[in-house]
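Residue numbers (my numbering), protein chains in the order written: chain W, 1 to 119; chain R, 1 to 491.
Be a bit skeptical, because a hint or two may be false.
[To be verified] No more than 25 Å apart at the CA atoms, straight line, and that leaves these computed lysine to any residue pairs for SDA-like:
(1) K104/W with I31/W
(2) K115/W with N350/R
(3) K106/R with V89/W
(4) K359/R with V459/R
(5) K115/W with A224/R
(6) K104/W with Q163/R
FYI, nobody ran anything at the bench for these hints, they're computed from the structure.
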Amino acid sequence: MSFLHDYIYYIGALSLILIGLYIILVKKNLIKVIIGLSILDTGIYLLLISLGYIKEGTAPIFSKPGLKAENMVDPVPQALVLTAIVIGVAIMALALSLAVKLYKHYGTLNLRKIKEQRW
Amino acid sequence: MVNPVLLIIIPLGLAFIIPLFGFISKKIEKFIPVIALLSNLIISLRLLPQVLEEPIHVNIGGFSTPFCINLVAGPVGILFSMLIALAGLLISVYALDYIREGAKEKYHILYLLLITGATGVVLTGDIFNLFVFFEILCISSYSLVAYFGDRAGVESAIKYLIQGALGSSLILIGIGLLYGQFGTLNMADIASNIHSVQSIPVFIPLVLFITGFGVEAAIFPLNAWLPDAHSSAPSSISAILSGIAIEVGLYAVVRVIFTLFGASSILTFLLFLGVITLLIGELCAFSQENIKRMLAYSSIGQIGLIVFALSIASSYGITGGLFQIVSHTFGKALLFLAVGYMIYRTGSMNISSFKGMGKKMPYTSFAFTIGAFSLVGLPPFIGFPSKFMIVKAALLRHETLFTLLIILILLATIIEGAYFFKVVQVIYFKQGENKLSQKTETAPLSVLIPIFIFVGLIVVIGIYPKLITNILNSSASELLNRIDYIKNIIP
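In isolation and in its complexed conformation, chain R is listed as follows (with noise of 0.2 Å):
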């Protein structure tokens, strides 16, 4: 059997490790991340058919199992880590290329540490060792904000920072209250102890928690951060960012809510929020110029949407709200890849500069439409399964107030069509000024072969979503079942 413990400890160690093979070639450092992502997605591809069975837990250090810290990687927690995996492999091998310029080492020192806090999060059992790889997770993306330390980078990744640090201040507050109540960190063990959250000390660390993981999961009014730190960020970043850090956020809310507090009566709340998020997200995205920053509204708008699909409830709602968060992951993943090079090529963010793209720059034009198409929700790619499915998760209530809120959804949606199909108009059907030569430029190798897998894995799923729909179902009923849960852990 492979021990998940190795997910978190290869890239942490691998991460420490990258100056010493500076002393020996300043040229293997960039191929660190990639063998270090390489063998975390062999990882959780072989530990996935036995976890699809029976969960596996892991206690660190030998104690018996409320006492110990310990590992649950149950069908979430290895959805989440091959989505990190794949997503992060796929982006290294684009920072190859792209990282050229400023401390290349720190880089990736960095971005491991970034993939390790996210896999730590999201395969944890102990409500403190949440928060703390939570902060790994969040300090590494506040300093590759600023990476390249010009104006724009270092003043939002001081907004960043702020708001982030009061957030996970907040989750040290209602960890401390919870271990003032329970006198347990383990999570299985404070969810066997919790029946109700009706009563006041429960509920105070329930809104902390909310509230704190709210900020990195970017749940309006927390959102304001985002933009800023998306758009001035590095476009490998800014991927990374957007395809793994907010949705490792959203995960720990809903692990929260569901597991560790089943709490359902806040659920009707976070419906509203959920949809608020939505339309505020997609009307900001709708009006603006810079291209990086258009898309980062639009993944404040497609995070309302995965909220409202989670807050349904339902085993279908919940289902099509993971399937949302896959599609948004590889999706939005995509578009900052084929725009960070866009980018690179023309200087300039702003997406009237993008005039005639399409006849320069061939395949990038193509993979930046596909991924586009997949966020709207058309058919052959992966966006159009995932939203199907919160729509008729919706639509199954059969209540009036679903209906109207769907009714708001695919207005939202018709929106996010009209700013993605202006942008893929001026790339395609707008003459660019002919000061450059119209030759074509094909980006190196090591930028389009992720790209080109992104396409081919929306596409795929896209046509076949049952290749997913497995674990998709499983991860679904572990966040249910909570009695399941901790069952599991505590006999």
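For reference, chain W alone in the conformation it holds in the complex (with noise of 0.2 Å):
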């Protein structure tokens, strides 16, 4: 039990980086893979935090007589995970107004059908 309470953070994120990757790879309807994309950013978000993560630990600043660097969480990693939650919003619209005018064009949103470009 102990290595799960250890490491159930790690677990966390990476099964929900697979889980993303099962959903972008096997499934056909473009907004689940849109989705799915979300998923694996929030596993890929949630690993960078825990990477930096102290349990019961404050915020890096010295507010108080008597807070040690020590019991302090690494913010770096939230910093980056601020920035990358920045880009997969951007991301995120970008491919949902794509989605948009793609059904409009082709009437489905089903990614076996819509291949006209092909090799």
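Using the hints, put the two chains back together into the complex; each one sits in its own frame.
Below you can see the structure in the form of structure tokens.
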């Protein structure tokens, strides 16, 4: 049990990443693929956050006397995740607006039926 | 001293000022990219002599080196930023007349953002910033592919977006794993801690990086998006994607392998990957009827050749690979620009519709011929010295493997020659149907000037390659001497 207790964040992050990958690779509906992309991104954010996480740690601000640096959470991964979330939102917005356009042109979101461009 | 930060700030700032200029007059909007790229080119040229003596690095925010976000303007960075600024400038001049419909304002904003992303990738010294700039480059190219909003464009853009987003997610995982191990994001700092890639925790990020950046660089088997995206984008965007975007992806792969990881053991694998990419690209290009699709597959082939040359990992081989990047940028940008105008006139992308084009559009056809000959590698043009250098570098290794691979590469060059000569033959020696008048139509000046500057560059550097061998040589030594790169940044 202690293994699960120690590594629960990494296990969660990895399973989210794998679920996202599975959805992207297998699903036929474009909206589902985009949701898969979003789940994959969420998994990565969780992975990055858990890299710097300390149980019952505090924010890295020396606001009160007696706070020690060892108990502080690493702020860099959190900054990275903030940036990555913004990028993820941009990609999601673009993907969804392209999906709307695609539906207007083809009348379907089934990726197996949309294949005018091919090798 | 000129600050290299300006190379990123000027296009980024001007990109978001474009809508403000739009309030004053809709006509000046399209000149903003030209101004931004011209100033970028001048700054790069002014930085060049300093950089050849010693790489410049700038710490942003005034923190000391491992803790700050830094820019490293070494010979490689300046070589690429010069290439981006030059090709971008000429293509933006072309776009003055070419882009007539659609949301023109957004086109120019996205174009400048694409340039910002590409310049940022080649100049940054921080692995996370590399990712951010890479995403700026990718997102703006996804949306530019769908610029016209037609069936083909939207479909290719969504394909490109899904594959590209998956690739960049992999890069982010790799960054997370590296940060977990080394606690730093500075490339030189990470590089000084990595001594071998044999251990699994270091090897996994390397694989993730190569896969992630390889999607943008279109290395086989990650190149499924490229022919669709490059053929259905507007021609000026095809030119910038083929000439700049995939080269920047390739730069990221090379930087990660040589500088960040020092992973010379993986190069044999890339050697084979390069040759396979080359053969697949050229074979697919041979069977295409659509001219832009043919050029897109030819880009895949050229990327394969560049990957092969860079993986030889001798100083001669890397110089040849970088030379090939320059020659591919000029050649392919020229071809896409020339073809774009021919398509504009004929209204069809089919090769057979170009019959009799040699008489109808003599200047554009002439430029197309020069570009095609240069890419094949005929002597007086820039493609010849670059291909010659690659072949010589491989033969200098004196190994049977390299001799065999060179035979395959020369075979691929013959295929390349076959399909380019086929198009040239259609243009000059097939009679067009006389449904339209046979009178010559000259393209507007803003189209002819960039095309003929490209032609001039191809011919001049082809005849006198010493013009750029100096910077190519110092770039190759920057990539090979990992220790010097680290010492330069972390004293």
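Verification of the hints:
1. K104/W with I31/W: holds (14 Å)
2. K115/W with N350/R: Holds: K115/W and N350/R sit about 20 Å apart, inside 25 Å.
3. K106/R with V89/W: It holds: about 19 Å lies between the C-alpha atoms, which stays within 25 Å.
4. K359/R with V459/R: Between K359/R and V459/R the Cα gap is close to 23 Å, so the pair holds against 25 Å.
5. K115/W with A224/R: Status holds; Cα separation ~13 Å.
6. K104/W with Q163/R: Holds. K104/W to Q163/R sits at ~22 Å (cutoff 25 Å).
Violated hints: none; the structure is consistent with every hint.
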